[in-house]
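Position chains B, U and F against the provided structure of chain A, taking the given hints into account.
Protein chains in written order, with UniProt numbering: chain A, 1 to 306; chain B, 1 to 306; chain U, 1 to 306; chain F, 1 to 306.
If you're looking for bench data, these hints aren't it; they were derived computationally from the structure.
For glycine and all other residues, C-beta sits at the position ideal for the given N, C-alpha and C.
Pairwise CB distance ranges (calculated):
| # | chain 1 | residue 1 | chain 2 | residue 2 | range |
| --- | --- | --- | --- | --- | --- |
| 1 | U | G216 | B | T30 | 46 to 56 Å |
| 2 | F | H129 | B | M305 | 33 to 43 Å |
| 3 | F | E29 | U | E239 | 38 to 48 Å |
Over 12 Å on every C-beta distance to chain F, these chain A residues come out as not near it, computed from the model:
| # | residue |
| --- | --- |
| 4 | T37 |
| 5 | R73 |
| 6 | T94 |
| 7 | G243 |
So the chains spell out like this:
4 protein chains.
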Amino acid sequence: MRDIRTDMAVEIRENLPERQEGVQCEERETEAGLKLTWVKIQSQEGARAMGKPMGNYLTLETRQLEEVTPRQRAEFAREIGSELKKMMTEDGNTRPVLIIGLGNRDVTPDALGPKVCEQVFVSRHIKEHLPEAIDSRAGSVCAIAPGVLGVTGLETFEVVKGIVEEVHPGLVIAIDALAARKTSRIGTSVQIADTGIAPGAGIGNHRRALSRETLGVKVIGIGVPMVAYAGTIAGDILENALGASADAADMEQLLGAVYAAKGGELIVTPKNIDFLVDKTAELLAKALNTALHPTISEEEIRAFME
Amino acid sequence: MRDIRTDMAVEIRENLPERQEGVQCEERETEAGLKLTWVKIQSQEGARAMGKPMGNYLTLETRQLEEVTPRQRAEFAREIGSELKKMMTEDGNTRPVLIIGLGNRDVTPDALGPKVCEQVFVSRHIKEHLPEAIDSRAGSVCAIAPGVLGVTGLETFEVVKGIVEEVHPGLVIAIDALAARKTSRIGTSVQIADTGIAPGAGIGNHRRALSRETLGVKVIGIGVPMVAYAGTIAGDILENALGASADAADMEQLLGAVYAAKGGELIVTPKNIDFLVDKTAELLAKALNTALHPTISEEEIRAFME
Amino acid sequence: MRDIRTDMAVEIRENLPERQEGVQCEERETEAGLKLTWVKIQSQEGARAMGKPMGNYLTLETRQLEEVTPRQRAEFAREIGSELKKMMTEDGNTRPVLIIGLGNRDVTPDALGPKVCEQVFVSRHIKEHLPEAIDSRAGSVCAIAPGVLGVTGLETFEVVKGIVEEVHPGLVIAIDALAARKTSRIGTSVQIADTGIAPGAGIGNHRRALSRETLGVKVIGIGVPMVAYAGTIAGDILENALGASADAADMEQLLGAVYAAKGGELIVTPKNIDFLVDKTAELLAKALNTALHPTISEEEIRAFME
Amino acid sequence: MRDIRTDMAVEIRENLPERQEGVQCEERETEAGLKLTWVKIQSQEGARAMGKPMGNYLTLETRQLEEVTPRQRAEFAREIGSELKKMMTEDGNTRPVLIIGLGNRDVTPDALGPKVCEQVFVSRHIKEHLPEAIDSRAGSVCAIAPGVLGVTGLETFEVVKGIVEEVHPGLVIAIDALAARKTSRIGTSVQIADTGIAPGAGIGNHRRALSRETLGVKVIGIGVPMVAYAGTIAGDILENALGASADAADMEQLLGAVYAAKGGELIVTPKNIDFLVDKTAELLAKALNTALHPTISEEEIRAFME
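Chain A with its partners taken away, still in its complex shape (with noise of 0.2 Å):
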């Protein structure tokens, strides 16, 4: 069986016989025509077959960012918030969240997550040291940008675990740059999960994943596809192209073409990426600031962050 590869809850659903033991799905579209589509998975045989841990994975659909008005962006920014706040939970607590933006920041579709960090109200600092500087409603927010494997030496766990001991937050979230199976969904969908995020790996390494079992307290993990892998997308041709008669081998040759080139994995972008992953920060960073500063305004707080 060939390699599908998608980091999209939704996605990998779509494969998997329609009813599925352990798994279940919600949709529901808002009065704006965003699309809502929860997946839920129930237990460890849903687990196994949806390759992800239990949990619930909600997308928040929109049309292509950059062709929505901004009237548009703001009113998906402020969906999004609205339900990060409900998977949220908090009961009282007044421990601090801390933001963790995954990925690299000198690799254009890798740096979602380090541009929404630049971009989000972090208020823990002032909170503790200046309280009587900033609004009591704000929330206590840190946020950093951990970097990867590769450019630092230090799993991104590593770096996380150890400021989750040192600072006790009563939540992380985490926000990555995903890859989908399909180029639609490409800076259109908004994936945010109650199970946590595997930094690098769609389906990959759960000890090393950010989850309340390995740091001790609740997760949850905001991603959206920036890309889509050459391989999975010719796949997805071929398939359609040859129905019952693909054969793996004939494909794998066919696919050969476009594993061709040697210097890294080929993947599949809309030509202006740059200003999407901007673009799809601010929406981010504005859901975040709406879910967890949910009485202070965006004016007053692009006031405070001046």
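For chains B, U and F alone, kept in the frame of chain A given last:
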């Protein structure tokens, strides 16, 4: 007939009948294992068949740039510089060489031209204003990245034409990032053409090309493929798969999936494209320095530039 | 007499006798608390005394940009735009406006001009090629950052002159970072002059200035001080301290300490200069948009630009 | 007494009486003309007088970095590396070295530490996961830039402490941009201290310093002055001018002019500070590579890193 998009003369050539009137090919391999291919378009008939103006198109190929050793890369730079020098055919010309870095510095794979400009040894102002401060063997070189129409509101041609009229260079060298049909050529092939270059258009609007006809001075174009179009690759795979049974309408439908992203055309690049663009800019800057200041060593140039 | 370096007409004026033949001053304060000062150089005698060409120099002052609220900053942008509009005196002119972003984008305080170009709403190409895609109220605007002599080997004047000859704008607006004598003016004062601008020279080589005389079209110069020279400030402090007893030779020796760094002239900036340059570029871009597309709202422009 | 601000032990030493109990000085000049000065704080009395913890502070001085030839710069890197190696005193230690790049990557003169991290040869992950892919002579090195409190909401100490607890390095090396009293030291002096470093504070809050006391592992601090404070320089000039007649109140008033900018403290830097920071980061990265992978040549390291 489906749209095969490439800026490489060697790739267009591969698509034509073996004996194409007015198009001639030559190949040579160097001791260091570099492959050089000349495509010479020698008549209007050849130009029509190729969809490119008459002239000489040289392609130098190596293995993926990042895999080769620093020594091999230096050898590659020398070879490019040496072929470039032959093409310059300066006959005691003392007028400056004007380097044009085409492309958008804020779009990763398109930033090749602007990045070369930043690294090439620029000397014209020193030779004019402080001749005693510079080695008399240094050529007179100036370099500018004019930006792209969508950002400046100015056609590249307008900017370059204006500067040429003021500066009266003896030669223009334009650097651009290209699209290839085969992903294996990304970052591994360099095309040098003595016919100039058409910014933002493989086969485009020749009125606005940078060429002797439009600028009144010889124009050498240097390009390196940095992307392939997803549609072209997908089409190639499909054609291989479906063979003789391929039907245009079917193919279009199958390809629909690849074009589905609304936010700008889909491109295919290696994952490390940011790094690859930097490395390639460094390579071309070295090659240009070799060709334009032939008797000055690389170390001397580095000392000048600091 | 020691070297007092400033690019601000108001500061040069302060150094002259109160009644200087050929130089007239006017002041006004707006309701929002902005201070406007006009220095009008009305004769050759005034020009000699000021060391600046005849014409009108308007300075708008606010408090330090980063301290004002977003609302006050918007008010400041509107006021700059409104004064700029008055100075444009377009009489049914439909030729495009060409914006020139002077300075070096890789030198933090000097990057103001290039950064303004990136943020201003550029429309000329749309109006020419896709007029139906743009509001007919939009002006025709193009913008380019020509780089600096030391990087391109091209004089700014050569590049701008060349483009003007090709594009035939009805007005040129040149943006530049300035040096002030008083550090309190850094990031808080905007100078608008209807005499053009001399790149890289407070009082410099007028042959190479950008002005109606050299370009054949009206040139408005907009500058914001981003640095002060350490030598000028130190001299001011010394003069205050030593008063009448100040002796030129002594002062020079005392100032030696400040000039001791061999690696380029010493400048004084606020610690947050990177941030201040970004904020100021945003301010000027808004002011330009207001002046050049007067009947289109800021939100509409933002929607166009995305 | 007025505020003299410097992070350099040699400059603090110059301000003390020649025979200061508990502080010892030594000097040496190398054949290549580098000047090395050791300030050794040997008692609590010396520490109080110096306002710095007990330990050894070595300063290496060269001429302004950008003026020296590439050859001299290589010599300087070797000398720094050699002294650093002596200070490391590793006794068969095989635990990794953790490099901390202090400072804010978005503030030009403060970006030194983060830029060094980007250029140093990081090997820990290869030695652990792919030992056969790396020369066995290579040391185990990891490197991270933790950001600054105002951006992350996290104290540098918290982040570093957390990572140290996870990674258990045998040595921490912290890199920081410093402030000097004399502008001639900007970019020309390197201070290496075996006492660790106090981020964001010349003489500050020792509880949060990075040191053996706080981290439980040896900490070497490496700093290079990138700025001077305008207030300190101005005070020095005034003191020279007014001599014995200097009166504190007068001086404060005179200095007022320099502190007038409301938008953050005023600093003095060379005009080419962006370039100087890049060059200095390159220098320190080479010095670190020399010290941490002593038997591997620079060219071999470059080949590894590509």
